[in-house]
Amino acid sequence: FGSGGLAPEDWIVALSPDEPDVQIDLSLSYKRLSKGNIIMGRKLQGKTMPKRQATRRALRAREPKLVENVKKAFFIKGPKSSQLVNTALKDMYMMKKPDAVMLNKKNKCRPFEDHTSLEFLSNQMDASLFTYGSISKKKGHALTLGRMFNHQLLDMIEVSVNVDDEFKSISDFSGERKKSVKYGSKPMFLFQGDHFDLSEDYKLLKSLILDYFRGDVVEKINLASLDRVIVCTATQDRVYFRHYAVQLRKSGTKIPNVALDEIGPRMNWEVRRMKSASEDVKKQAMKKPRKHKPGSKKNLKKDVLGSMGQLHMKGEDTSKMALRKFKALKRKKPSATDGAGEGEEGSKRQR
Amino acid sequence: MEEHCDFDIGNLMCYDSATFSTPGDSDDVNKALDELAAKNAQKLVARLFVLPTEPPPYGNGRVATLPEPTTHLPREKPIPKPREATTWEKFAKLKGIRKRKKDKVAYDEQTGEWRRTYGYKKANDINDTWAIPAKAGENDGLDPWTRAQKEKKERVAHNKKRQMQNLQAASGDRLPGTIDLSSSNPAMLKKGKKKKKHVEVALEFSQKSTASMGKFDNKLKYEPEIKKKSKPKRDAEFQRSHKTEKQSSLKLLEKVVGKEEHSIDVNKAVNIAQQEEEARKRAKKGRAGKKKKSKQ
Numbered sequence: 473f474g475s476g477g478l479a480p481e482d483w484i485v486a487l488s489p490d491e492p493d494v495q496i497d498l499s500l501s502y503k504r505l506s507k508g509n510i511i512m513g514r515k516l517q518g519k520t521m522p523k524r525q526a527t528r529r530a531l532r533a534r535e536p537k538l539v540e541n542v543k544k545a546f547f548i549k550g551p552k553s554s555q556l557v558n559t560a561l562k563d564m565y566m567m568k569k570p571d572a573v574m575l576n577k578k579n580k581c582r583p584f585e586d587h588t589s590l591e592f593l594s595n596q597m598d599a600s601l602f603t604y605g606s607i608s609k610k611k612g613h614a615l616t617l618g619r620m621f622n623h624q625l626l627d628m629i630e631v632s633v634n635v636d637d638e639f640k641s642i643s644d645f646s647g648e649r650k651k652s653v654k655y656g657s658k659p660m661f662l663f664q665g666d667h668f669d670l671s672e673d674y675k676l677l678k679s680l681i682l683d684y685f686r687g688d689v690v691e692k693i694n695l696a697s698l699d700r701v702i703v704c705t706a707t708q709d710r711v712y713f714r715h716y717a718v719q720l721r722k723s724g725t726k727i728p729n730v731a732l733d734e735i736g737p738r739m740n741w742e743v744r745r746m747k748s749a750s751e752d753v754k755k756q757a758m759k760k761p762r763k764h765k766p767g768s769k770k771n772l773k774k775d776v777l778g779s780m781g782q783l784h785m786k787g788e789d790t791s792k793m794a795l796r797k798f799k800a801l802k803r804k805k806p807s808a809t810d811g812a813g814e815g816e817e818g819s820k821r822q823r
Numbered sequence: 057m058e059e060h061c062d063f064d065i066g067n068l069m070c071y072d073s074a075t076f077s078t079p080g081d082s083d084d085v086n087k088a089l090d091e092l093a094a095k096n097a098q099k100l101v102a103r104l105f106v107l108p109t110e111p112p113p114y115g116n117g118r119v120a121t122l123p124e125p126t127t128h129l130p131r132e133k134p135i136p137k138p139r140e141a142t143t144w145e146k147f148a149k150l151k152g153i154r155k156r157k158k159d160k161v162a163y164d165e166q167t168g169e170w171r172r173t174y175g176y177k178k179a180n181d182i183n184d185t186w187a188i189p190a191k192a193g194e195n196d197g198l199d200p201w202t203r204a205q206k207e208k209k210e211r212v213a214h215n216k217k218r219q220m221q222n223l224q225a226a227s228g229d230r231l232p233g234t235i236d237l238s239s240s241n242p243a244m245l246k247k248g249k250k251k252k253k254h255v256e257v258a259l260e261f262s263q264k265s266t267a268s269m270g271k272f273d274n275k276l277k278y279e280p281e282i283k284k285k286s287k288p289k290r291d292a293e294f295q296r297s298h299k300t301e302k303q304s305s306l307k308l309l310e311k312v313v314g315k316e317e318h319s320i321d322v323n324k325a326v327n328i329a330q331q332e333e334e335a336r337k338r339a340k341k342g343r344a345g346k347k348k349k350s351k352q
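Sequence order for the protein chains is Y and C. Everything in the first sequence is counted per my numbering, starting at 473 for the first residue and increasing by one. Everything in the second sequence is counted per my numbering, starting at 57 for the first residue and increasing by one.
Hint data in this document are derived by calculation from the structure and do not stem from the laboratory. From the three backbone atoms N, C-alpha and C, an ideal C-beta is built for every residue, glycine too. Careful: at least some of the hints might be erroneous.
Some but not every residue of chain C turned toward chain Y, in silico, with C-beta under 7 Å [what the hints assert, rightly or not]:
id, residue
1, L68
2, R131
3, K133
Mimicking EDC-like on lysine to aspartate or glutamate, the simulated pairs with C-alpha atoms at most 20 Å apart in a straight line are [as the list claims (entries may be wrong)]:
id, chain 1, residue 1, chain 2, residue 2
4, Y, K763, C, E140
5, C, K95, Y, D699
6, C, K99, Y, D733
7, C, K137, Y, E540
8, C, K284, C, E260
9, Y, K658, C, D64
10, Y, K765, C, E124
11, C, K137, Y, E535
12, Y, K611, Y, E742
13, C, K277, C, E260
14, C, K158, C, E145
15, Y, K658, C, E110
16, Y, K640, C, D84
17, C, K285, C, E256
18, C, K206, C, D184
19, C, K87, Y, D636
20, C, K133, Y, D733
21, C, K284, C, E256
22, Y, K569, Y, D699
23, C, K87, Y, D644
24, Y, K692, C, E124
25, C, K158, C, E140
26, Y, K640, C, D81
27, Y, K675, Y, D752
28, Y, K654, Y, D733
29, Y, K523, Y, E535
30, Y, K675, Y, D709
31, C, K133, Y, D699
One chain only, chain Y, in its complex shape (with noise of 0.2 Å):
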């Protein structure tokens, strides 16, 4: 997964995140050409297009698109970790794939200080998430949550983990209703309090727990699939992260009872820290893109037969038009001036 499956050679190319602005169109087919065409050759617009199909069908999967892929996520370790930092992380990583990467050593990095190379990281994993945790004097077990827009640092959140000591992972939990939560499956959402309207670090909160865990935007789901909820609740100053199984039994009805069994990770969250968007930024990434109105169909009458319209034609010139000809019309009708002569000649001609 690592590198998106790109050889080292081609992605270091390829993938300089110093010209984000710069793509090369790989919609279009890629021809080998001579050696003396610089411009044509392996090189447009100053890069080199990859030489192998696989390649180029990686780099295609990482383009911009109208509609998106799943966010990815990584999960990496800061300088100082804790053994529960790193199974928050685990757990969190667990709940998150198959869109998800975990990055086992420990990195010099603090977000809020220097977030290049977690940049650097989004942009070689292809991954737009990331929850980066460690340990503090001051914060305790801390994770930070965020998202990128286009490779770069959109907005970021830090929490403190196992406040009021609750922290239990999924490990911790018995083993009966884990087994009937399917790999992958969508979860529901439950966000519960008034203060995920009330302060602008829950909204963030809420907005970042959402896009991380609810995976592919469906047209069509199997209610059968509906195995687990992610419930958040917010006080002033707690967030309770809860994850359950559904169970949904036989009522009499339509509507089957719904009976919740937790499966971990259980976690007290107090926010911390928060980098929200630049607007500028925030507006690009919000924008919608553009959908297609259907034209309203003017002129058009439907009977049982089907629909018509009325052709509306300016008048044409039938002497320019290619028509077809008939001898008839082009004898001229004797005038009265001439009319003696040519009568006689004409009728000469007749015999």
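Take the given structure of chain Y and dock chain C to it, following the hints.
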């Protein structure tokens, strides 16, 4: 309780904006959370199970059609710019030409079976027909099989050239809306067919448009060499030898007057013709009598 709830069915989300009051004990907190979650989950499921459903393509359950999500989340990447249409695409749009889907198999009349349209053992392959009647207009001296091969090569070359041009245009080489500088060079206009692209012409102009004709300018990485103007022919003319000058002058004369391929002395021929004519007449007059001769 229902009034507090906002639903975003497209995202399978329920937002209960009722204030959650934390009970004192930690165990009670979890219990309270579980209870609240169960209540709200039931509400959400109730909303989901009233959606229009259809049977799944395979397996169990019912497939519900979800409405569009109402919560607007930020995009991952910017909205892509639409690709510029190629020359053919523009033309096709203008003329209203639509794409026709080609079949993968075609009926081969000779063998009487369905074969693939291209590739190994394709249908109606020209190489399978052993005799092809010649058409009246074809004068190129080729047999139809060689002609077909040649035409295919030409088509392939033409398509390659077009694709290259499309790539160039897509990568921005063709700059729409800029001044077409080829019009500034009258020589280019006279020729009719534009061999050079206006950008190349503009580059040529700009390379020489310094006081030293671009001799001491730093070049960019892929910039072509400055084209040197060849010396005018006039100087060469003055340096020719006497012999070559004579030959060239004669050549010029030939062009004007015409070559002496069948050199006939016109005067001589006329004289001979006249003498013959006179001799004939004399013979005639001799027979007639002396009277006519005295008149002369």
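Outcome of the hint check:
1. A cut of 7 Å between beta carbons decides the hint on L68(C): the least distance to chain Y is about 4 Å, and the hint holds.
2. Given the 7 Å rule on beta carbons, the hint for R131(C) holds: about 5 Å separates it from the nearest Cβ of chain Y.
3. Of the supplied interface hints, the one on K133(C) holds, with its beta-carbon coming within about 4 Å of a beta-carbon of chain Y, less than 7 Å.
4. The hinted pair formed by K763(Y) and E140(C) meets the criterion: a straight-line CA distance of about 19 Å does not exceed 20 Å.
5. Annotation: proposed proximity of K95(C) to D699(Y) holds, straight-line Cα distance about 16 Å (limit 20 Å).
6. Taking the CA atoms of K99(C) and D733(Y), the gap is near 17 Å; set against the 20 Å cutoff, the hint holds.
7. For the hint pairing K137(C) with E540(Y), the CA-to-CA distance comes to about 14 Å; that is within 20 Å, so the pair holds.
8. Between K284(C) and E260(C) the CA atoms are separated by roughly 10 Å; this keeps the pair inside 20 Å, and the hint holds.
9. Pair hint K658(Y) plus D64(C) holds up; C-alpha atoms about 14 Å apart against a cutoff of 20 Å.
10. With a C-alpha separation of about 17 Å, the suggested pairing of K765(Y) with E124(C) holds against the 20 Å cut-off.
11. Our distance criterion of 20 Å between C-alpha atoms is met by K137(C) and E535(Y), whose separation comes to about 11 Å.
12. Under the criterion of a C-alpha separation no larger than 20 Å, the hint pairing K611(Y) with E742(Y) is consistent with the structure, at around 10 Å.
13. Restraint check for K277(C) and E260(C): satisfied, since their Cα atoms lie roughly 16 Å apart, inside the 20 Å limit.
14. For the proposed pair K158(C) and E145(C), the alpha carbon gap of about 18 Å is at most 20 Å, so the pair holds.
15. Of the supplied pair hints, the one linking K658(Y) and E110(C) holds, its CA atoms being roughly 19 Å apart against a limit of 20 Å.
16. Simply put, K640(Y) and D84(C) have alpha-carbon atoms about 16 Å apart, close enough for the 20 Å limit, and the pair holds.
17. Taking the CA atoms of K285(C) and E256(C), the gap is about 16 Å. The hint holds against a cut of 20 Å.
18. With a C-alpha separation of about 17 Å, the suggested pairing of K206(C) with D184(C) holds against the 20 Å cut-off.
19. Proposed proximity of K87(C) and D636(Y) is supported: the alpha carbons are some 16 Å apart, at most 20 Å.
20. Between the alpha carbons of K133(C) and D733(Y) the distance comes to roughly 37 Å, so the proposed pair goes past 20 Å and is violated.
21. Note on K284(C) and E256(C): the hinted pairing holds, with a Cα-Cα distance of about 15 Å set against a maximum of 20 Å.
22. Proximity of K569(Y) to D699(Y) is assessed by CA-CA distance (about 15 Å); at most 20 Å being required, the pair is judged to hold.
23. Pair hint K87(C) plus D644(Y) holds up; C-alpha atoms about 18 Å apart against a cutoff of 20 Å.
24. About 10 Å separates the Cα atoms of K692(Y) and E124(C), which keeps this hinted pair within 20 Å; it holds.
25. Taking the CA atoms of K158(C) and E140(C), the gap is near 25 Å; set against the 20 Å cutoff, the hint is violated.
26. About 17 Å separates the Cα atoms of K640(Y) and D81(C), which keeps this hinted pair within 20 Å; it holds.
27. At most 20 Å may separate the alpha-carbon atoms for a hinted pair to count; K675(Y) and D752(Y) meet this at roughly 19 Å.
28. At most 20 Å may separate the alpha-carbon atoms for a hinted pair to count; K654(Y) and D733(Y) meet this at roughly 14 Å.
29. At most 20 Å may separate the alpha-carbon atoms for a hinted pair to count; K523(Y) and E535(Y) meet this at roughly 17 Å.
30. Our distance criterion of 20 Å between C-alpha atoms is met by K675(Y) and D709(Y), whose separation comes to about 14 Å.
31. Distance check on the hinted pair: K133(C) and D699(Y) sit about 30 Å apart at the alpha-carbon level, beyond 20 Å; violated.
The structure fails to meet hints 20, 25, 31 from the earlier list, while all remaining hints are met.
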